[in-house]
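Please put together the full structure from these sequences, using the hints given.
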Amino acid sequence: MEVMKEWVRNIFILILALTFVEMLMPAGNIQKYIRYVFSMVIMASILMPLAALLE
Amino acid sequence: MDYESIIDQQLEDIDLSELDRIMDEAAEQSRGIFEALDTEDIISSLLSGEPLFDADLILNSMLDLLLVEIRTGIMLGIEIITVCIIMGLLNNMSESFGSKAASGLGNTVCSCIIITLCMASFTTTYDSCLDTLSIMTDTMQILLPILIPLLISMGGFSPGSILNPVIIGAVTGFNTVLQKIVLPVIFLSSIFILINSLTEKPYLQRLAVFLRRASIFITGLAVTVFSGITAIQGLVTKSADGLLVNTARYSIDNFVPIVGKFAADSVDMVLSCAAVIKNGIGLAGMIIILCFLAGPVINLLAVSVIYKITAVIAEPVSTKQISSTLNEMGSSVITMTVILGLSALMFLIFLTIIISIGGGTLWK
Chain A
1 MEVMKEWVRN IFILILALTF VEMLMPAGNI QKYIRYVFSM VIMASILMPL AALLE
Chain B
1 MDYESIIDQQ LEDIDLSELD RIMDEAAEQS RGIFEALDTE DIISSLLSGE PLFDADLILN
61 SMLDLLLVEI RTGIMLGIEI ITVCIIMGLL NNMSESFGSK AASGLGNTVC SCIIITLCMA
121 SFTTTYDSCL DTLSIMTDTM QILLPILIPL LISMGGFSPG SILNPVIIGA VTGFNTVLQK
181 IVLPVIFLSS IFILINSLTE KPYLQRLAVF LRRASIFITG LAVTVFSGIT AIQGLVTKSA
241 DGLLVNTARY SIDNFVPIVG KFAADSVDMV LSCAAVIKNG IGLAGMIIIL CFLAGPVINL
301 LAVSVIYKIT AVIAEPVSTK QISSTLNEMG SSVITMTVIL GLSALMFLIF LTIIISIGGG
361 TLWK
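Same order as they appear, the protein sequences are chains A and B.
Quick note: the first sequence, position 7, residue 7 per my numbering, numbers continuous.
Quick note: the second sequence, position 251, residue 251 per my numbering, numbers continuous.
Please keep in mind that the hints were generated in silico from the structure rather than gathered at the bench.
It is possible that some hints are incorrect.
Unchecked claim - Pairs of lysine to aspartate or glutamate, EDC-like flavour, derived with a Cα cap of 16 Å:
1. Lys-100/B to Glu-22/A
2. Lys-32/A to Glu-69/B
3. Lys-308/B to Glu-69/B
Unchecked claim - Sample of chain B residues lacking proximity to chain A, with all beta carbon distances greater than 10 Å (derived):
4. Ile-42
5. Leu-90
6. Thr-123
7. Thr-124
8. Ile-168
9. Ile-195
10. Val-245
Stated by the list, open to error - Partial chain B-side listing against chain A, Cβ under 8 Å, derived:
11. Thr-108
12. Lys-180
13. Leu-207
We put the beta carbon where it would ideally sit given N, CA and C, even for glycine.
This is how it looks when you write it as structure tokens:
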């Protein structure tokens, strides 16, 4: 259960932080790509317990 | 000898003070839906064929309680809708000034406020759900040591000795599964639902819904497995005991000269009286569990109604994410209600199994 709690906390903080960063980004062409990278990061954090399982 | 005096004698030998204490507590918990009944009252009304409750009265007081709960919980809805209205105002004003970043920031801050409000209320709901579950488990653990000896005293030797560990194990196991896996998973899924309201694109919608469905599935599976095992054990041992008691009765009847017939009949009578007492205690247990269930279930229903109505009202003024989040939170609370109901159903099934074993049909 501790692992689960930490996982959820990580996802929560990550998404909160990324949302704020996204807002503070300068508007421009690069924004799309940064957003893509962010979603990759979020996906990685969702998959975190799977990595622990495989070890 | 009169059957009432036999029942009175047998009742004097059983310690029912613990049961009556829980009954009083349960009646207090249900806030006027059920009234406290003595086990002896239940047994006497079983014998005279009177109804235990007034159905109209119970329905009316349940409706009253639901309205009272909605009224006390309505503050949450009002707060959330106020924040939503402010959010809509901020959106429009900042768009007319032309700054997109400012409106985005305002949106996020408002979403954070709504998340905090929802989280605070959801935590209380979750805690009350956990409490109810452990109270119902405690009730079962107190009832079983009273019921099982009665079952054995009526000639149910093998169900008594086999069912006791099986049912205690099932109750404890079920409680552990719910408290350690199912309810925390629902909690996590509602956290994911709340995170969704922050982002423009739903990142975690599917994950949250999946977790919720999985928790319902696990509960259903646990109920089926545990009650299935118990029912099968009860059925198998029941027929064996019928054989045993019938043999005893037959041998008293035929091998004891002259008075054997009367002795066998009085054995029958004493056993039937014990069955009446056992059924009365089983019924008391069912009523206690229903009492503990009624208050929290109505409370949870009221909370979920508030979430759903708030979602309906918030839809025109706020963003799409906020209203869908509120809607999903309502579904989460309903899921918890369903799980509480399922666990109560399982406890009721256990009590019914104990009541049905040797409910008078055992010796014929």
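If you draw a straight line from the CA of Lys-32/A to the CA of Glu-69/B, is it 16 Å or shorter?
-> violated, 47 Å
- Item | Pair hint outcome, Lys-100/B versus Glu-22/A [Cα-Cα no greater than 16 Å] | The given pair, whose Cα atoms are some 12 Å apart, holds under the 16 Å limit.
inquiry  = Beyond 10 Å on every Cβ pair: is that true for Leu-90/B relative to chain A?
reply    = holds, 14 Å
Check: Far enough from chain A: is every CB of that chain over 10 Å from the CB of Ile-195/B?
Finding: violated, 5 Å
Given a cut of 8 Å on the nearest C-beta pair, is the interface hint for Thr-108/B held or broken against chain A? holds, 6 Å
| task | Could you let me know if the closest chain A CB is still more than 10 Å away from the CB of Ile-42/B? | result | holds, 41 Å
Run the C-beta distances from Val-245/B to all of chain A and say if the shortest one exceeds 10 Å.
holds, 48 Å
Non-interface claim for Ile-168/B versus chain A (Cβ beyond 10 Å): holds, 25 Å
Was the hint right that Leu-207/B lines chain A, CB cutoff 8 Å?
holds, 7 Å
Grab the minimum C-beta distance from Lys-180/B to chain A and call the hint holds if it beats 8 Å, violated otherwise. holds, 7 Å
Check: Is the Cβ of Thr-123/B farther than 10 Å from every Cβ of chain A?
Finding: Correct as stated: the minimum Cβ-Cβ distance to chain A is 14 Å, above 10 Å.
### Query
Are the Cα positions of Lys-308/B and Glu-69/B separated by 16 Å at most?
Holds: Lys-308/B and Glu-69/B sit about 15 Å apart, inside 16 Å.
Violated hints, in rising order: 2 and 9; the structure is consistent with all others.
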